[in-house]
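Protein sequence lines correspond, in order, to chains Y and U.
Read in this note's numbering, the first sequence has 132 at position 132, and its numbers run on one by one without any break.
Read in this note's numbering, the second sequence has 176 at position 176, and its numbers run on one by one without any break.
Please note: incorrect hints may appear among the correct ones.
[Claimed, not checked] Counterexamples of contact, computed for chain Y against chain U with all Cβ distances above 12 Å:
1) Lys8
2) Leu28
3) Ala29
4) Arg122
5) Ser178
6) Leu183
7) Asp202
8) Ser207
9) Leu216
10) Arg222
11) Cys224
[As the list claims (entries may be wrong)] Straight-line C-alpha distance at most 16 Å; calculated EDC-like pairs for lysine to aspartate or glutamate:
12) Lys360/U <-> Glu78/Y
13) Lys85/Y <-> Asp161/Y
14) Lys261/U <-> Asp247/U
15) Lys266/U <-> Asp285/U
16) Lys62/U <-> Glu310/U
17) Lys360/U <-> Asp76/Y
18) Lys82/U <-> Glu293/U
19) Lys360/U <-> Asp57/Y
20) Lys139/U <-> Glu177/U
No wet-lab data here; the hints were simulated from the structure.
Glycine included, C-beta positions come from ideal geometry on N, C-alpha and C.
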Amino acid sequence: MEVVKIEKMCKTYLMGKTHLQALRDVDLAVGQGQYLAIMGPSGSGKSTLLNLLGCLDRPSSGRYFLGGSDVSRMNDTELSQIRGKRIGFIFQSYNLIAQLNVLENIELPMFYQGVSAADSNRRACELADIVGLGDRIKHRPAELSGGQQQRVAIARALANDPVILLADEPTGNLDSASGAEILTILDGLQARNKTLIVVTHDEGIASRAQRTIHLLDGRIDRDCLN
Amino acid sequence: MEESTEIASIKIMNIYALKGTVKLGLKSLWMHRLRSTLTILGVVFGVSSVIAMLAIGAGASKEAQAAIARLGSTNLIIETVKPPEQQELSGETQFVTAYGLTYADAESIRNTLPYVEVTVPVREIPSEARYLTHQVAVKVIGTVPWYTEIAPIHLVAGRFLSSTDEYRELTTCVIDEQLGQRLFGFEDPIGMHVRISESFYRVVGIVSAGSGVAEDKKNSAEDSASRSGVAGNIYIPLSAARSRFSDMVGNFGTSGRSFEKVELHKIIVKVPSNDEVLPTHQVLDTLLKRLHEKQDFRIIVPLELLREAERTTRIFSIVLGSIAAISLLVGGIGIMNIMLATVSERTREIGIRRALGARKTDIITQFLAETLLLTFLGGIIGICLGSFIPFFVTKFANMATVITGASLMLAFGISGIIGLTFGLYPAWHAANMNPIESLRHE
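Given these sequences and hints, build the entire structure.
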C-alpha cells in the first residue's frame, strides 16, 4: 500500500524577478514501512521536497496524496492538523523547545491534537522509555547531550503515531557514536513498519535504507533499491 | 464518521488548550521575569492613575453635592444684598440707606404663591453674647419656629423655638453646642440666661454643629471673612428680634458715619418638589422686582447650583480620566513593543510549534494569552496601588476621595481591552510567519 503518492509535482520560487524552479514534475510513491533515503547535491531540491512532503508548503502544481487524502488542496488549518497527526519531524538541530523539559517536549504534538493531559503524560513516559531516556524526563534540553536531545526529538516525532517520519540529516550535528545510536533507533522503527524518509549527504546512512533516490536540478535523477 | 470525531476532538482541545495555554504563558513570563515586570509597570501605573483620578473626581463631586444638598434642593433662598449704587453714595456724608427684604415682601410671597409650603423670614444681627464674665461674638438669627422645615436642625438637648415663643415675643433662645461650651463651660446651658445686647434670653435648646441653612461658600466669601470672629449662632424668635433690635445698623468708618436699615436678611421659600423650583424662581424674581426699585436682593437656587456642580465635576472627571487613559495607552504601546520583540526572539519556537501541528489560531491564542496575563496581572497590581493613592491624597492634600466599584471594574476592563488591542497584532504577526523560514531562523 502506498502511503505517499506524488504526481507531477512542481515548485517554483520567485527570487527577485526570476522564477526559480526548485522541483520539476516529480513523481514519487512510497509504500507502507519503506525506508527511503533522499540524496543529492546542494540546490538539487532536497529541502523543497522535504518541506512539501512535510506539508509545510504547498506545491505550485501537481498533487500529493498522504495516507489516501489529497493534501495539495488543503488550507493552512487543515495542513496544520495533518502535520500534527500524520507526520513526525526529526531535524538536524533537534529543534527542542528550550523552556520545556523532556516530557513536555514529547507531549507538545499531543497538546495540539487535544489529547488529555493524563493520556499524553502516559504516552510521553512510554516514548521516553523507548528511546532510553526514562530517567531524564524532568531534564531540560540544555542538560542533555546532542545524542540524547535527538532521541527526545524522535520520541516527540512518534507521539501521535504518525503515518510517515521525515528526518533531515538526523546525524548531521552528532559525533559518530551518538549518530550510530540514532541510526539504530531509526532501524528499529523501520522494523516496526514505520515509513521513514531521510534526507542525507551520508552514503553510510543511505546504505541502511531500502531505497535511495538521487535528486539533481529538481528532478529525480536516479531511483534505486539497495 | 471520521470527520465528526475530528470536530469533537477539536472541541475537547479548546478546554485542555486553554488550561495549557495559561500554564504555558505563565511559564514563559516567569522565564523572563525582569522583562515581564518592566512591561507590567506601564499598565500598573495606567490602571492606578485611572482609579486615583476617578476617586479624586468622585470625591470632589460628592463634596460639592453634599454642600449644596445642605442648602436644600427644594429651597429657594432670597438674600438681601447691598445695592451697588448705595455703596458709592454712602461715601462722604451721614446717610441713612434703607434696602433689602422686608416683612411686607415675606407677606406678599405668602399671598402670591399659595402652593409654597413654607416661607421663612430670617433676620441676622451680629452681636455679642455674655454670661457672667464670658463674652463672645455671635450671629443672632431671628426666625420663626418652622425654620426647621427648610434646614436641618439637630437638637442635642431641649427644643427649638415654638409658636408660643414667637407670638408672645418671648426672650428665649436656642444655641449652638460649641457656643454653649464657650459660654457655660461644664454647666448645663438649658434654663440659663444669656445676655445679648440689653436683654436676657433663656436657653431652651441646644443644636449640634451642621444645623441651619448652610452658607453658599462661593458667593459669600467676603461675608464669611467678616464673620471670622463669630463663635456661633443664637436663634431667637423673629418677633423678639423685631422688637428688641433696631433695624438700623450704624457704620462708623473712616469716611464718615452712615446708617443702614435692613428689615430681613433672608427669606427662604420651600416648594413641594424639584419641578416647581425653576418656575417659582421666575415668579419670585418678577414679584420682587416689582416691589423693589433697587437690585437689593438675589435669589439663590440650590437645585441650579447642584446641576452646575454636577456639570463641573463631570468635566473634571473627564479631564482626569483622559489623562489616565493616555497613560494606559502609553502602557499598552509598551506592551505591544515588548510582545513584538518576544515574538521575533521566539521565531524558531513558533516554527517548531507550527511543524508539530499548531494551527495559526493556536499561536495567536498563545501570544494573546501571554499579553492578557501580563495586562491582567498589571491590572490587579494597579488596582491595589490605585486604591492606596486616594488614601494618601485624602490624608495629605485634605481632599475627599471616593473609590467606586465601577471605577475598579472600569480600570480592570480597560486593562483587558488594552491587552487585547495591543496583543492582537504581535500574536497575529507570530501566527502568520512562514513556518519554513521560522524553522531556519537562528
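Structure-based check of each hint:
1. For Lys8/Y, the requirement that its beta carbon stay farther than 12 Å from each beta carbon of chain U is met, with the minimum near 22 Å.
2. Here Leu28/Y stays apart from chain U, with its beta-carbon at least about 20 Å from theirs, past the 12 Å limit.
3. No Cβ of chain U comes within 12 Å of the Cβ of Ala29/Y; the nearest lies about 24 Å off, and the non-interface call holds.
4. No Cβ of chain U approaches the Cβ of Arg122/Y within 12 Å, the least distance being about 15 Å, so the stated non-interface status holds.
5. Every Cβ of chain U is farther than 12 Å from the Cβ of Ser178/Y; the closest lies at roughly 21 Å, confirming the non-interface assignment.
6. For Leu183/Y, the shortest C-beta to C-beta distance to chain U comes to about 22 Å, beyond the 12 Å cut-off, and the non-interface label holds.
7. Every CB of chain U is more than 12 Å from the CB of Asp202/Y (nearest about 21 Å), matching its label as outside the interface.
8. With a cut of 12 Å on Cβ distances, Ser207/Y stays outside the contact zone with chain U, its closest approach being about 28 Å.
9. With a least beta-carbon separation of about 22 Å from chain U, Leu216/Y lies farther than 12 Å from that chain, consistent with its non-interface assignment.
10. Distance check for Arg222/Y against chain U: the nearest CB is about 26 Å away, which clears 12 Å, and the non-interface claim stands.
11. Every beta carbon of chain U lies more than 12 Å from that of Cys224/Y, the smallest distance being close to 29 Å; the non-interface claim holds.
12. This hinted pair checks out: Lys360/U and Glu78/Y have alpha carbons roughly 11 Å apart, not beyond 16 Å.
13. For a cut-off of 16 Å, the pair hint linking Lys85/Y to Asp161/Y stands: about 7 Å separates their Cα positions.
14. Under the criterion of a C-alpha separation no larger than 16 Å, the hint pairing Lys261/U with Asp247/U is consistent with the structure, at around 5 Å.
15. The suggested pairing of Lys266/U with Asp285/U holds, with an alpha-carbon distance near 14 Å, which does not exceed 16 Å.
16. Our distance criterion of 16 Å between C-alpha atoms is met by Lys62/U and Glu310/U, whose separation comes to about 9 Å.
17. Straight-line distance between C-alpha atoms of Lys360/U and Asp76/Y comes to about 8 Å, which keeps the hinted pair within the 16 Å bound.
18. For the suggested pair Lys82/U and Glu293/U, the alpha carbons sit about 13 Å apart, so the restraint of at most 16 Å is met.
19. Between Lys360/U and Asp57/Y, the direct Cα distance comes to roughly 14 Å. Compliance with the 16 Å bound is thereby established for this hinted pair.
20. For the proposed pair Lys139/U and Glu177/U, the alpha carbon gap of about 14 Å is at most 16 Å, so the pair holds.
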